[in-house]
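S.K.: Take a look at the letters that make up each chain.
There are 2 protein chains.
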Amino acid sequence: MPIIFAANIESAAILLDLFIMLAAAKLLAELFERLKQPDVVGEILAGVIIGPSLLGWVQPSQIINILAEFGVIFLLFTVGLETKPQAIFTVGRRALLVGLLGVVLPFVAGYFIAVAWGGSFAESMFIGAALVATSVGITARVLGALGLLDSQVARIILGAAVIDDVLGLIILSLVSAVSQGDISYIALAKTGGAAILFVAFVALVGSRIINGLAPFIERLHLGKPFFTLGLILCLGLSVASVYVGVAAIIGAFLAGMALAEATEDDHKMHRLTSGVTEFLVPFFLVSIGMQLDLQIFRDGSVVTFAILLTVLAVATKFFGGGLGAYGLPRREMAQIGIGMVPRGEVGIVVAQIGLGLGVIGQQFFAAVLFMAVATTLIAPPFIKMLFAEDKDRDGIADEPSLENVRDDFSRIG
Amino acid sequence: MPIIFAANIESAAILLDLFIMLAAAKLLAELFERLKQPDVVGEILAGVIIGPSLLGWVQPSQIINILAEFGVIFLLFTVGLETKPQAIFTVGRRALLVGLLGVVLPFVAGYFIAVAWGGSFAESMFIGAALVATSVGITARVLGALGLLDSQVARIILGAAVIDDVLGLIILSLVSAVSQGDISYIALAKTGGAAILFVAFVALVGSRIINGLAPFIERLHLGKPFFTLGLILCLGLSVASVYVGVAAIIGAFLAGMALAEATEDDHKMHRLTSGVTEFLVPFFLVSIGMQLDLQIFRDGSVVTFAILLTVLAVATKFFGGGLGAYGLPRREMAQIGIGMVPRGEVGIVVAQIGLGLGVIGQQFFAAVLFMAVATTLIAPPFIKMLFAEDKDRDGIADEPSLENVRDDFSRIG
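Top to bottom, those sequences are chains L and E.
Oh and the first sequence: position 57 is 57 in the numbering used here, straight run, nothing missing.
Oh and the second sequence: position 189 is 189 in the numbering used here, straight run, nothing missing.
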């Protein structure tokens, strides 16, 4: 037997977990690509399979959570890099309406179904809050794979999802405070106000500052000045977001958006960032799958509630988001509605906080997790279907990844 | 005061640590670049400054250790990608001699100075073992920044450092076993044999397998097949290495080497990998700096011993490595000798294991840390100086980074 050291074995166990996660994710992604299904779904399913519910090869751990969080942070940073502020502002009013209706309907529906199922006031508020926030990462990943991140509909979805996230996290703050008996309206107003001011400030001013500083940034002696600045800004604004009271991913998205115009033609910077994202995102997707505990669904009433909650989550977001786009062609209304459906990580975060505060029980928790994963699994094929024609109309080659699209540009440029 | 959640705050605290580490590293790297000093030194110094010894802004943590380990793993993977097996084999005999002499002299010297300073047999064996392994990452980083990774001298250094690492970790296995009273020679022989067989097998056969499979790999539906395969192979062989009994970084280096020929012209793959490396390496360098506890050096005898140990570490590696290169021009002997001087992470790992086993005391531990950091700080300016002429002779532009060199190739190609 070889002699191995504790220090090495501990980190080898972690490396082994990450190796299994990455290999399983890529294996199922390859399989799903061959079946013409979105690779995102394959990577989440990889998590269900290797996680505690089925094979139990990998257990959730703090390290995995942190890497998953990095994954979603860099994913949103990349999405931000594709989002020029001007493009969002042109769809601003529309995105605001889509976001608002896509928040109100799910929240109300979630609250009342939880009450009907015997939930307390606080518990039901949490279920409502968990239904609010769209997981823009999933939709962005699917649209990116179709090469459609640049379309007007995509911009409305991304803009609305940002508004959604901000509203969702403000609601979460309020619900948490209320559930803890803290109902100082001044404190609540301060939280909400600070969050809105922060987002508005970075979105409106950040890009101008970066554009103004660009000549100085280029003169830095660092080999990859914009990439380096991007990393620092991405981590820095993520931290700042949390201290202001919104999710870290919002800061990452804003950091990307602030750099979007200055780095538009900097393919090197995009490629370097893409390397980091491609490495980290699988940990995010796989760990979502790993969080689904299949055991608790032996209880039939949990299953019924979870399915009902999922149906409501899909319907209210689809119609809420779609209605917000009223006036656009019906097909685009449907695209926007379906694009808002995935809940993913934010719903899971809400459920975890509710569980941590002792406000929601294990079964509501399981149902919310089911809803978050199910909406994330259900949406991509429909997104792909509803957007398929646009892809062909644009004359873009089959199966273009974000990467390939950029390659095409470099070849042209 | 905004309402913040425990879950968010915890991960925000980690994000804040990483933000400070990255920002400090890049700030000092920029400063050192402007002073025409190696950025590596700047990044390590950043760790000393923000670490517990001085400002105390960031404390070492498990997360930071894991990211640092990832950093050095991907650094060695990148180095491996630049190392075509054929190129190493052509310098194989020379590298073996350099590696062997660079192991024997430091080990013997370390053992005897520790005995002279009152160390026990086991303690002194550990001090000897800590002096053995070259931190090839630092030298590779400096040579890469000079655009000289492709030179014959660089290949000898890298080859010898790999041999060094393997021998160093085998010695560590033996010393640990002896210090724990486990002196089954059969077990020791098995450990050593398994390690040598593993390295030889991957080095000799890995590249051929990958080259043979290349047409199939290219036909995968994954967007970035070689990059994805690289990530999986890098993590997989790192894990395998530890289970075989050698350091994870050796597996990462071998994974890169196996892919070196197949991905020679795949600039996309190199750029994507470089993104991951550039993100993670600062955590490795900063955390080395953070481990230096300046407090313990108030004890004058620790300082004296630490300085003596450092002088011995530099001298024995310089002359041992240099002697191994006997027959080459004297200038190249000096280049090879100085290239082997940095100890960095492996010395620190040895010291940590010795401390963990209760074999070496706090003061010997501090002295080894001092030696590891000091050799890492001392070597780069000398490496740069001794290699400066080669750079000019090759007609490569001033301050070319690994990245720029690749850019030059893409433009030519």
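Just so you know, the hints here were simulated from the structure itself, not pulled from any lab data.
C-beta atoms are modelled at their ideal positions from N, C-alpha and C, and glycine is treated no differently.
There's no promise every hint is true.
For each label pair, taking beta carbons as the anchor points, the in silico distance ranges come out as [to be verified]:
1. E/GLN62 <-> L/PRO329: 50 to 56 angstroms
2. E/ASP150 <-> L/ILE209: 36 to 42 angstroms
3. L/LEU357 <-> E/LEU55: 30 to 36 angstroms
4. L/ARG219 <-> E/ARG93: 35 to 41 angstroms
5. E/LEU294 <-> L/LEU213: 22 to 28 angstroms
S.K.: Does each hint hold? Answer for all of them.
M.R.: Hints, one by one, checked against the model:
One distance hint, 50 to 56 angstroms for the beta-carbon pair E/GLN62 and L/PRO329, holds here, with the actual separation near 53 angstroms. At roughly 41 angstroms, the beta-carbon separation of E/ASP150 and L/ILE209 lies within the given 36 to 42 angstroms, and the hint holds. Range check, L/LEU357 to E/LEU55: about 35 angstroms between beta-carbon atoms, so the 30 to 36 angstroms window is met. Evaluation of the 35 to 41 angstroms hint for L/ARG219 and E/ARG93 yields a failure: the beta carbon distance comes to about 47 angstroms.
For the pair E/LEU294 and L/LEU213, the beta carbons lie near 36 angstroms from each other, so the given range of 22 to 28 angstroms is not met.
Violated hints, listed in ascending order, are 4 and 5; each of the other numbered hints is respected by the structure.
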